[in-house]
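Student: Here is what each chain is made of, one letter per residue.
Number of protein chains: 2
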Amino acid sequence: MVMNVSGYATKSAKDNLAPFSFTRRDPRKDDVVIEILYCGVCHSDLHQARNDWGNSAYPMVPGHEIIGRVISVGPKVKRFKKGDSVGVGCMVDSCQHCDACEEGLEQYCEAFPTFTYNAVDRQDSMPMFGGYSEKIVVSDKFVVKIPKGLDLKAAAPLLCAGITTWSPLRHWKVGKKSKVAVIGLGGLGHMALKLAKALGADVTLFTRSPGKEKDARRLGAHQVVLSTDEKQMASVKRKFDLIIDTVPYKHDVNPYVPTLALSGTLVLVGYLGPLEPALHTVSMIMGRKAVAGSVIGGIAETQEMLNFCGKHGITSDIEVIKIQDINQAYERMLKSDVKYRFVIDMASLKA
Amino acid sequence: MVMNVSGYATKSAKDNLAPFSFTRRDPRKDDVVIEILYCGVCHSDLHQARNDWGNSAYPMVPGHEIIGRVISVGPKVKRFKKGDSVGVGCMVDSCQHCDACEEGLEQYCEAFPTFTYNAVDRQDSMPMFGGYSEKIVVSDKFVVKIPKGLDLKAAAPLLCAGITTWSPLRHWKVGKKSKVAVIGLGGLGHMALKLAKALGADVTLFTRSPGKEKDARRLGAHQVVLSTDEKQMASVKRKFDLIIDTVPYKHDVNPYVPTLALSGTLVLVGYLGPLEPALHTVSMIMGRKAVAGSVIGGIAETQEMLNFCGKHGITSDIEVIKIQDINQAYERMLKSDVKYRFVIDMASLKA
Numbered sequence: 023m024v025m026n027v028s029g030y031a032t033k034s035a036k037d038n039l040a041p042f043s044f045t046r047r048d049p050r051k052d053d054v055v056i057e058i059l060y061c062g063v064c065h066s067d068l069h070q071a072r073n074d075w076g077n078s079a080y081p082m083v084p085g086h087e088i089i090g091r092v093i094s095v096g097p098k099v100k101r102f103k104k105g106d107s108v109g110v111g112c113m114v115d116s117c118q119h120c121d122a123c124e125e126g127l128e129q130y131c132e133a134f135p136t137f138t139y140n141a142v143d144r145q146d147s148m149p150m151f152g153g154y155s156e157k158i159v160v161s162d163k164f165v166v167k168i169p170k171g172l173d174l175k176a177a178a179p180l181l182c183a184g185i186t187t188w189s190p191l192r193h194w195k196v197g198k199k200s201k202v203a204v205i206g207l208g209g210l211g212h213m214a215l216k217l218a219k220a221l222g223a224d225v226t227l228f229t230r231s232p233g234k235e236k237d238a239r240r241l242g243a244h245q246v247v248l249s250t251d252e253k254q255m256a257s258v259k260r261k262f263d264l265i266i267d268t269v270p271y272k273h274d275v276n277p278y279v280p281t282l283a284l285s286g287t288l289v290l291v292g293y294l295g296p297l298e299p300a301l302h303t304v305s306m307i308m309g310r311k312a313v314a315g316s317v318i319g320g321i322a323e324t325q326e327m328l329n330f331c332g333k334h335g336i337t338s339d340i341e342v343i344k345i346q347d348i349n350q351a352y353e354r355m356l357k358s359d360v361k362y363r364f365v366i367d368m369a370s371l372k373a
Numbered sequence: 023m024v025m026n027v028s029g030y031a032t033k034s035a036k037d038n039l040a041p042f043s044f045t046r047r048d049p050r051k052d053d054v055v056i057e058i059l060y061c062g063v064c065h066s067d068l069h070q071a072r073n074d075w076g077n078s079a080y081p082m083v084p085g086h087e088i089i090g091r092v093i094s095v096g097p098k099v100k101r102f103k104k105g106d107s108v109g110v111g112c113m114v115d116s117c118q119h120c121d122a123c124e125e126g127l128e129q130y131c132e133a134f135p136t137f138t139y140n141a142v143d144r145q146d147s148m149p150m151f152g153g154y155s156e157k158i159v160v161s162d163k164f165v166v167k168i169p170k171g172l173d174l175k176a177a178a179p180l181l182c183a184g185i186t187t188w189s190p191l192r193h194w195k196v197g198k199k200s201k202v203a204v205i206g207l208g209g210l211g212h213m214a215l216k217l218a219k220a221l222g223a224d225v226t227l228f229t230r231s232p233g234k235e236k237d238a239r240r241l242g243a244h245q246v247v248l249s250t251d252e253k254q255m256a257s258v259k260r261k262f263d264l265i266i267d268t269v270p271y272k273h274d275v276n277p278y279v280p281t282l283a284l285s286g287t288l289v290l291v292g293y294l295g296p297l298e299p300a301l302h303t304v305s306m307i308m309g310r311k312a313v314a315g316s317v318i319g320g321i322a323e324t325q326e327m328l329n330f331c332g333k334h335g336i337t338s339d340i341e342v343i344k345i346q347d348i349n350q351a352y353e354r355m356l357k358s359d360v361k362y363r364f365v366i367d368m369a370s371l372k373a
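As they're listed, the protein sequences go chains S and E.
Per the numbering used here, residue 23 is the first one in the first sequence, and the count goes up by one each step.
Per the numbering used here, residue 23 is the first one in the second sequence, and the count goes up by one each step.
No wet-lab data here; the hints were simulated from the structure.
Do not rely on the hints blindly, as some may be mistaken.
Pairs involving identical chains hold if they fit within one copy or between any two copies, as the list cannot separate such chains.
As the list claims (entries may be wrong) - With a straight-line cut-off of 30 angstroms between C-alpha atoms, the simulated DSSO-like cross-links for lysine-lysine are:
1. Lys261 x Lys163
2. Lys333 x Lys175
3. Lys259 x Lys163
4. Lys344 x Lys234
5. Lys361 x Lys219
6. Lys261 x Lys195
7. Lys195 x Lys259
8. Lys167 x Lys219
9. Lys219 x Lys261
10. Lys272 x Lys259
Owing to the predicted nature of the structure, the values given are computational and were not obtained by experimental measurement.
Based on the provided sequences and hints, a complete structural model is requested.
Tutor: Pasting the structure below:
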C-alpha cells in the first residue's frame with residue numbers, strides 16, 4: 023500500500039516550484055514513517071531545482087534538512103518509536119558494506135550514497151522525493167534523533183549546513199588551541215562560526231562585506247578579516263590551522279593559502295567546479311599546505327553533532343517561511359538576502 | 023682570512039657553466055670547513071642557472087647535494103671533527119627561533135631559510151656559493167653525518183632528492199599498511215620508490231613511459247600504472263593513501279585525484295607554478311581528498327633519513343661525471359636522459 027503525499031515540486035529547470043502530489047513507498051521492515059514538520063532550504067536545493075550541476079531529474083521535490091515526528095515504525099526498528107522528534111539529512115541510504123560505510127562515512131560510500139532527492143531508491147529504483155512535503159519514509163539507519171530542548175525548526179539546518187561544517191572541524195581535530203577561519207557568512211558559514219566557537223577554537227571570519235562584522239561576532243567570530251583589504255589579509259599570514267571555505271560559486275582560493283599555518287588545510291565544502299584562477303603551488307609548497315574537499319558527514323557524526331548542539335544549545339539562525347513562498351525565497355537566496363537559513367513550516371502545506 | 027676556492031659558475035641565464043674562482047668566508051666559531059668530494063646535480067640547479075624561476079643572481083655556483091670530508095671545525099663545534107664524512111643539503115641557515123625552526127622544520131622558516139646558493143648569508147650579506155666547488159664553510163647546525171657503509175658518491179642525492187621524498191612519506195605517516203604511489207621516475211621518483219618500499223608500503227609508479235616498468239620494479243615498485251591508459255588508471259581508483267607527485271613541469275593533476283583513497287593526499291614536491299588545467303573540486307570533495315605541497319625537509323629529518331638509508335643500504339642510482347661535463351649533463355637532464363642522478367666527482371676540478 024503506497025501512501026499518497028502532497029508536496030512542492032518543480033517540473034523542469036525553468037519552472038517554479040508548485041503543489042505536487044506523489045506516492046511514497048509502502049514502509050519496509052526497517053523503515054520509519056515521518057510526518058515532516060520543518061524543512062530547511064539549502065543552496066543546493068536551488069542548484070538542483072535549476073539543474074546547475076547538469077544531473078537533475080524531474081519532477082523534483084527538493085529538501086534535505088528535514089525535521090519531523092515519527093508516525094510509525096517497521097517491525098525491525100528498535101531505536102525509534104511513534105512520537106519521537108527525528109531528523110533526516112542529505113542521505114537516505116548507501117551500500118553499507120564498503121570501507122567508507124563501515125567507517126561510518128556513508129557520504130563517501132564507494133557505490134555512492136543515495137541522496138534524499140534527485141536520486142533513485144537502491145531497492146526498487148523508484149525516484150526519491152525530498153522534504154518539501156508532508157511525509158517521508160526512510161530506513162532507520164539514516165534517521166537521527168533530535169535532542170530534547172533544541173528548537174525543532176531552528177534545528178532543521180543542522181542536518182546539512184551543520185554537519186557539512188562539523189565534519190571537517192572534527193576530521194581536522196579542531197579543539198581549544200586551534201585557529202580556525204571561515205570564508206563566507208551564509209547558511210554554512212554561520213554554522214561553522216557557531217560550531218568552531220563551541221569547540222573552543224579561536225575563530226576568524228573572512229568576508230567581502232564590511233557590514234557583516236557585527237553579526238559575525240555575535241555568531242562566534244573573535245576576528246573579522248575583510249578579504250578585499252590586503253593589509254588585513256597580511257595581518258593573518260600563517261595563522262590558521264584550518265580554513266573552512268563555504269563559498270558556493272567560483273572564487274580565487276590563492277589569497278587564503280598564505281594565511282594557513284605550517285601544515286594547515288583549506289577545505290572546500292561549498293563549491294563544485296574547477297579552481298579558477300588556477301591554484302598556485304608555491305604558497306602550498308612553502309609551508310606544507312593543503313587544499314582539500316569535504317562533503318556533509320556520516321550518520322554517526324551527524325548524531326554526534328546533534329548531541330553536541332543539544333548540549334551547547336546551538337541551532338541555526340533562521341527565517342521561517344510558508345511553502346507557498348518558496349520561489350521568492352530562492353530569489354532572495356540568490357541575492358544572499360537571508361539570515362541565515364530559510365526553514366519551511368510544513369504546516370503551511372495544509373493551508 | 024677568507025679562503026680562495028675554485029669551482030664552476032654561470033655568469034648569466036644564457037651562459038654555460040665555466041671555471042670560477044671565488045672566496046669563502048673566514049670560518050666562524052660554529053663553522054665546519056668541508057672539502058667537497060661529490061656534488062649531486064639537481065633539476066633545480068638547472069632551473070636556477072637558467073633563471074627559470076626569475077630570482078637568480080649571478081655569478082652562480084650551483085649545487086646542494088654535497089658530500090665531503092671535514093677539514094677543520096670552529097671552537098664551538100662539538101658534533102664534528104676533522105676527517106668526518108658529512109653532507110650539506112639545500113639550506114645552510116635559517117632564523118632558528120620561529121615556530122617552524124623550533125619544530126626542526128627549518129625549510130619552512132618564517133623568515134625564509136638561507137639556501138645553499140643563489141642566496142645571501144644572514145650575517146654578512148655576502149652571496150652564497152654552492153657545491154660545484156672544492157670547499158664549503160657551513161654552520162654546524164646545517165651539517166649532517168653520513169652513516170658508515172654508505173657509498174659516498176651515491177649518497178650525495180640523498181641530501182635533496184632523498185629528503186624531498188622522505189619528508190612527505192614521514193609527515194603522512196607511511197608505514198607497513200600504506201598504499202603509496204609515485205608520479206614520475208626521475209631523481210626524486212626513484213628515491214621515493216626506494217624509500218617507500220623500505221618503509222614497508224605497497225608502492226606503485228605512475229609513468230607515461232612503458233619502458234620504465236622493469237627499472238621501476240627493480241627500484242621498489244610493486245605495480246606500474248601507465249597514466250596514459252584509462253583502463254589502468256581505473257584499476258587503481260580509490261587506492262592510494264599518499265601520492266608523491268615528483269613531476270617538475272606543468273601537468274594535469276586531475277586524473278590522479280580519483281586514485282586517492284578516502285581522506286588521501288596528493289603531495290606536489292617538484293612543480294612550482296599554477297595548477298593548469300584547473301584542479302576540479304568534485305573528485306576532492308567526494309572522498310575528502312587533499313592536494314598539498316611539500317619542500318625538502320628539516321635538518322633533523324635529513325639526519326633521520328640518512329640513518330634510515332644507512333640501516334637499509336639505500337643510496338641513489340647515479341652516473342658519475344667530471345665537472346667539465348656539467349653543461350652536457352644539463353642538456354641530457356632536459357631530455358630525462360639520466361638514470362637517475364648525475365653526481366660530480368669533485369676531484370675532476372683539479373684535473
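Student: It remains to establish, for every hint, whether it holds in the given structure.
Tutor: Evaluated hints:
With identical chains, the CA atoms of lysine 261 and lysine 163 are at most 30 angstroms apart between copies only, with a shortest distance of 27 angstroms across copies and 40 angstroms within one. In this homomeric assembly, lysine 333 and lysine 175 come within 30 angstroms of each other (Cα to Cα) only inside a single copy, at 17 angstroms, whereas the closest approach across copies is 63 angstroms. Taking identical chains as interchangeable, the C-alpha atoms of lysine 259 and lysine 163 lie at most 30 angstroms apart only when they sit on different chains, with a minimum of 28 angstroms there against 44 angstroms within one chain. Taking identical chains as interchangeable, the C-alpha atoms of lysine 344 and lysine 234 lie at most 30 angstroms apart only when both belong to the same chain, with a minimum of 27 angstroms there against 65 angstroms between chains.
In this homomeric assembly, lysine 361 and lysine 219 come within 30 angstroms of each other (Cα to Cα) only inside a single copy, at 19 angstroms, whereas the closest approach across copies is 53 angstroms. Both within a single protomer and between protomers do lysine 261 and lysine 195 lie at most 30 angstroms apart by alpha-carbon distance, with minima of 16 angstroms and 24 angstroms respectively. Taking the shortest Cα distances, lysine 195 and lysine 259 sit within 30 angstroms of each other both inside one copy (21 angstroms) and across copies (27 angstroms). Taking the closest pair of Cα atoms, lysine 167 and lysine 219 come within 30 angstroms of each other only inside a single copy of the chain (23 angstroms); across copies the shortest separation is 47 angstroms, beyond that limit.
For the identical chains of this complex, lysine 219 and lysine 261 are intra-copy neighbours only, at 16 angstroms inside a copy versus 36 angstroms across copies, given an alpha-carbon limit of 30 angstroms. For the homomeric pair lysine 272 and lysine 259, the shortest alpha-carbon distances inside one copy (23 angstroms) and between copies (27 angstroms) are both at most 30 angstroms.
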